[in-house]
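K.L.:
Sequence:
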Amino acid sequence: MTQTRRILLVAVAACVQTLVVNADNNDCTFQPNCDYGKGSRSHGAASTQDECCSLCAARPGCASGVWDGSSCWFKTADQVKGGCQKNAAVKAACMVKNVKPVPPPPPPSPPPPPAPLPIVPPITPPACAPGDKPIQVFVMMGQSNMLGEGKKMGTTNGTLQFAVEQEGKYPYLWDKTTGNWSVSKTVRNVFVMGSGGVDAGITLFNNEFMTAAITTPQGPPGMGPKSKDTIGPELGIGFALGGYTSEPVMTLKSCIGDRALGWDLLPPNSTGFNYTDSSNKTWTYAGYHQSPEKWPAGTTPVPMSWVAGLQYDGDTQRAYYVLSNLSTFYPGAKCYKVAGFFWWQGDRDSRDMGLSGHYEINLANLIRKLRIQYGSPDAKFVTASLGQTVQGATDGGGLILDAMEAVANATKYPEFAGDVAAVYTHPLMHSPGSSGAHYGGDAETYMNVGWAMGQAMVKLLQGDKK
Numbered sequence: 142m143t144q145t146r147r148i149l150l151v152a153v154a155a156c157v158q159t160l161v162v163n164a165d166n167n168d169c170t171f172q173p174n175c176d177y178g179k180g181s182r183s184h185g186a187a188s189t190q191d192e193c194c195s196l197c198a199a200r201p202g203c204a205s206g207v208w209d210g211s212s213c214w215f216k217t218a219d220q221v222k223g224g225c226q227k228n229a230a231v232k233a234a235c236m237v238k239n240v241k242p243v244p245p246p247p248p249p250s251p252p253p254p255p256a257p258l259p260i261v262p263p264i265t266p267p268a269c270a271p272g273d274k275p276i277q278v279f280v281m282m283g284q285s286n287m288l289g290e291g292k293k294m295g296t297t298n299g300t301l302q303f304a305v306e307q308e309g310k311y312p313y314l315w316d317k318t319t320g321n322w323s324v325s326k327t328v329r330n331v332f333v334m335g336s337g338g339v340d341a342g343i344t345l346f347n348n349e350f351m352t353a354a355i356t357t358p359q360g361p362p363g364m365g366p367k368s369k370d371t372i373g374p375e376l377g378i379g380f381a382l383g384g385y386t387s388e389p390v391m392t393l394k395s396c397i398g399d400r401a402l403g404w405d406l407l408p409p410n411s412t413g414f415n416y417t418d419s420s421n422k423t424w425t426y427a428g429y430h431q432s433p434e435k436w437p438a439g440t441t442p443v444p445m446s447w448v449a450g451l452q453y454d455g456d457t458q459r460a461y462y463v464l465s466n467l468s469t470f471y472p473g474a475k476c477y478k479v480a481g482f483f484w485w486q487g488d489r490d491s492r493d494m495g496l497s498g499h500y501e502i503n504l505a506n507l508i509r510k511l512r513i514q515y516g517s518p519d520a521k522f523v524t525a526s527l528g529q530t531v532q533g534a535t536d537g538g539g540l541i542l543d544a545m546e547a548v549a550n551a552t553k554y555p556e557f558a559g560d561v562a563a564v565y566t567h568p569l570m571h572s573p574g575s576s577g578a579h580y581g582g583d584a585e586t587y588m589n590v591g592w593a594m595g596q597a598m599v600k601l602l603q604g605d606k607k
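Here our numbering = 1-based position in the sequence shown + 141.
Treat the hints with caution; some may be incorrect.
Only pairs whose alpha carbons sit at most 27 Å apart, straight line, appear in this in silico DSSO-like list of lysine-lysine [what the hints assert, rightly or not]:
id	residue 1	residue 2
1	326	367
2	293	369
3	274	293
Think of the hints as simulated: they come from the structure by calculation, not from any bench.
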């Protein structure tokens, strides 16, 4: 073989080892018997290595096309980084110089809107058989004011024990004959609590005839019984009612703390509204079963797991449970009538001027809805203001006080004439405090407010007998 022929063969071999062609304006470098990243399944038919190069160059994300003589196997840049793996079954691998970028994935589809929550239906109290007297039920609702944080036991001023033993106050709470806390013979005290809607669990705090003694309640299976060493207004309310009538009475408290009438406790049929704040920003507030609580007006709200009225639904359903198992909570009872409602609430709304400014509308709607909800169109309603709020105040608490006094005004609301009363509680505070701080745990404040609310209800009930 001549020297010239050897040089020619070496040159041809070099061309076979590395051949550059133009495929769809994309330079491809071919490497014989070279494979990358085993396991690729994406491929296309190709009769030549040039066709394989064109296919790879046109495919987003393809950095190399591995040609086996009939198919072009597409490899990504990550696979190519692993290096060439010699493979006799591979004719050539084309290396694409300008890799076409992979388009970003489409944005995820928004989740479907949650199914609408069911509305708790109204109930019809069962009819009493001839000779049976209905239990007079008084439903108690609200937030931490109604929940109650007044300390029962202790020898310091502000506890219930001190007020009764040392100051001689609230004599109806003490039985001198037995030397112990008195127990009502006719007034039953029931208190259930749960956080959220109709599916929330129920904690049972009270299920006994009204007494200041600390008890462990007994209830049906599934209820978590828990003793409570603090009071709300129920003792004052219960003994005021018991002093008025000898008929069987049940105070039925269903509530939890830190809830707003304009959000968590919003009754059905309540519509949303717009409010412009002090910085001239307008907000849309949620209507019943809407979410979130508020959002910038004109924008699309982003719902959260909690909706307007969820606590109303739950508190109502838990009260229903008690009424549907009446004899478990009032031994021997067979039928009932919801005679009235007690409402002590407002702290959460007072912290938002939009909610406090709309409180009157929401409160009037609440009264109407509760009467329908419990099948008692003539039920009485007593509300009480926040203890720290003085008449004439212009802050959120002042707006709520004004709203409560407005719905009790028969001239403004003739539909409520003789049926609604508002208790101004500021003069009833035993020591300085506020609703947000639970009145410092002062039991006398809770007793004073409870007795005043009970007497207001008695006055309304007496009005029906005139």
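K.L.:
Could you grab the alpha-carbon distance between residue 293 and residue 369 and see if it respects the 27 Å cut-off?
P.N.:
Holds. Residue 293 to residue 369 sits at ~9 Å (cutoff 27 Å).
K.L.:
Would you check the hint for residue 326 and residue 367, treating anything up to 27 Å between C-alpha atoms as holding?
P.N.:
23 Å, holds
K.L.:
So if I understand the rule, the pair passes when the alpha-carbon distance is 27 Å or less; does residue 274 with residue 293 pass?
P.N.:
33 Å, violated
Checked against the numbered hints given earlier, the structure breaks only hint 3 and satisfies all the rest.
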